[in-house]
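Chains as they are written, first to last, in numbering that gives the first Met the number 0: chain C, 0 to 57; chain L, 0 to 352; chain Z, 0 to 352.
All the pointers check out, no bait thrown in.
Each computed DSS-like pair below joins lysine-lysine, with the alpha-carbon atoms no more than 27 Å apart: (1) Z:Lys278 with Z:Lys251; (2) L:Lys262 with L:Lys251; (3) Z:Lys59 with L:Lys262; (4) Z:Lys278 with L:Lys59; (5) L:Lys59 with Z:Lys262.
A partial selection of chain L residues facing chain C, derived with a Cβ cut-off under 10 Å: (6) Glu257; (7) Asp259; (8) Gly282; (9) Arg285.
Derived from the structure by calculation, the hints contain no laboratory data.
From the three backbone atoms N, C-alpha and C, an ideal C-beta is built for every residue, glycine too.
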Amino acid sequence: MPEVLVAECPECGAEIEVTDVIEGEIIECPDCGVELEVRSLNPFVLELAPQEEEDWGE
Amino acid sequence: MSTDRLSVSIVGASGYTGGELLRLLLGHPNIEIKQVTSERNAGRYVHFVHPNLRGHTRLKFTSASELQPCDLLFLCLPHGQAQTRIDDFAALAPRIIDLSADFRLRDPTLYERWYGRPHAAPEWLDRFVYGLPELHRDEIRSASYVSGVGCNATATTLALWPLFQADLVDRDRDVIIEVKVGSSEGGNSPSEASHHPERSGVVRSFAPTGHRHTAEVIQALSRTGQVPPIHLSATAVELVRGVLATGHAFLKDRGLTERDLWKAYRAAYRDEPFVRIVKERQGIYRYPEPKIVAGSNHADVGFELDPETGRVVALCAIDNLMKGAAGTAVQCMNLMCGLPETRGLEFTGLHPV
Amino acid sequence: MSTDRLSVSIVGASGYTGGELLRLLLGHPNIEIKQVTSERNAGRYVHFVHPNLRGHTRLKFTSASELQPCDLLFLCLPHGQAQTRIDDFAALAPRIIDLSADFRLRDPTLYERWYGRPHAAPEWLDRFVYGLPELHRDEIRSASYVSGVGCNATATTLALWPLFQADLVDRDRDVIIEVKVGSSEGGNSPSEASHHPERSGVVRSFAPTGHRHTAEVIQALSRTGQVPPIHLSATAVELVRGVLATGHAFLKDRGLTERDLWKAYRAAYRDEPFVRIVKERQGIYRYPEPKIVAGSNHADVGFELDPETGRVVALCAIDNLMKGAAGTAVQCMNLMCGLPETRGLEFTGLHPV
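Isolated chain C (complex conformation) (with noise of 0.2 Å):
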């Protein structure tokens, strides 16, 4: 069973579970969909992905 990761989501606080990530990788926040990038695997850290704000212009 490979090892399991969890961490909390710096945006929304969601509890997120990660199997077989590396670092640098970007993952996705199951709740509020914001992107994270995976800074170390030991202790297990993410932190918000630069990423612009997509805008409607409605």
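Assemble the complex: chain C is given as a structure, and chains L and Z must be docked to it using the hints.
Chains L and Z alone, transformed into the frame defined by chain C:
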């Protein structure tokens, strides 16, 4: 009647709510539909009134005068009727779920103030439990008599509930809620205002003040302490099914952040089978959207914080015929009868739609 | 992988058809979804593309390059791709259902005429069965490779089929069919014509002639003998899901009455689980109505005879994403895998909607 299946009847099954209830019960494996009544349509096949049910049932409407005892009775009568006939109905079934407004409010004086006349059976009021499982699950499990919920009240209550439960709201400042609603809320009897050329494409302020569901919202939120002034307005929009409630409340502590709000909403709804928190940074559907939940029992809830002013915008989208009426009623039936709460309510809703 | 459940994957699951298929398979008790692919969305949760599925699955899209063997593979790729990759896909699964137009036509020259370029894998054409169970049920049961159906072709074919099967039509007179269609037929990639301010409220003649689905209709009706000239026109209307086909054909025998037509339609569809004959003297929905079947796998079929001229108006309403695509595909899967044909396709559709 096979022993393991519950015999269930619907009184007043020719309306939109009764028809939605019939659709759900037809798809429910533990239910056997005994009778469905309609005085106007007695003797007719149900699918001539509910066309989507063609090919799914050979049931015919009967008159309420022919009602026989059953395990559970749903009442889908126009407001005012259930309270005058409750004793007759109670003689027919040990469990009753009334989808009208007759038994929603616990306080008879509140009922008289909002509905303009004294309640016909006040002694029954405290024998009914308010049928919103997200707030009253345990009471409903052991209840014999459960009231339905108001659709606009449900959307409003579910939007604001986490903020009040976590006591984050300044209870001295007014809370304003605007509900945008679909045309099916008016039921299936036509009027000049619902005539297609007049109703199509409107953004119509049809109840800017004095909306009856306010009483239910106050009753629900008062479980968390003093309730600030609640002001409801309704606007009809180009939609058949659906309600979007947009609530405006003010935080007590200006230092709170979005993460604190996430925590409050997750604490309230993490284990709720039908409530989904929808607040996304990107994509098309970033906040709750009524058409996405149409036909499902979902209540999609979201929020946004204005750090400048401490104003929280609380959002909830539901299908007024499902989470706002028949879906929640079936959810209550499942709880009252010891069945899995989501049984018969698994439909995800459609997209695109 | 539990033995009794079939492992199924979807290639190209981020479009509307792929998403609808995913919704149906998530609700199908005998299916275990193995992989769903999307090159553009690889690694993303499916509910960020299909919002109605939030809370129903934690699946993520993968790239097609990571596809593993499974029991049955659905292909929901843009037209032209399946035919160039069929050998790779065939190596992954003993059964394939391709929802694109690539393998619908048996005759490669017909394909080239209607789709404007030679077929990339003509040797596969006669290994695929046309996936319309109402016409090919037995062949589909024993097939390994089944094509999807065109939505407009399906509505047109099902409207006219009983008249041709009973050989009532004058095969020397032109048959005209007008299909009124919703916007989801165009898929989820935006264009200037699908921009809301331009698309909303249209009654737009977007394909008055040369509609590609004509070939499928000719292929289907030719099973009953010589096919008269078939002329298809499509008009886009204010609708997201739904097709209404209105066919105009002429009877050979002017002495025929409505009862004879009832007999022909009943003979064709009496035992069909998803086809309903809708022709009523009174009520709101007297003929087939697309919005009433939205989300369901129903094909509602109706007709009217003009005794003065011998013209028969043949009608069929379907949901282009369901009976016109994903619903019929699941129906075929059930047949191919020996499951009850209606399994996972019980949704009745909504009313009002």
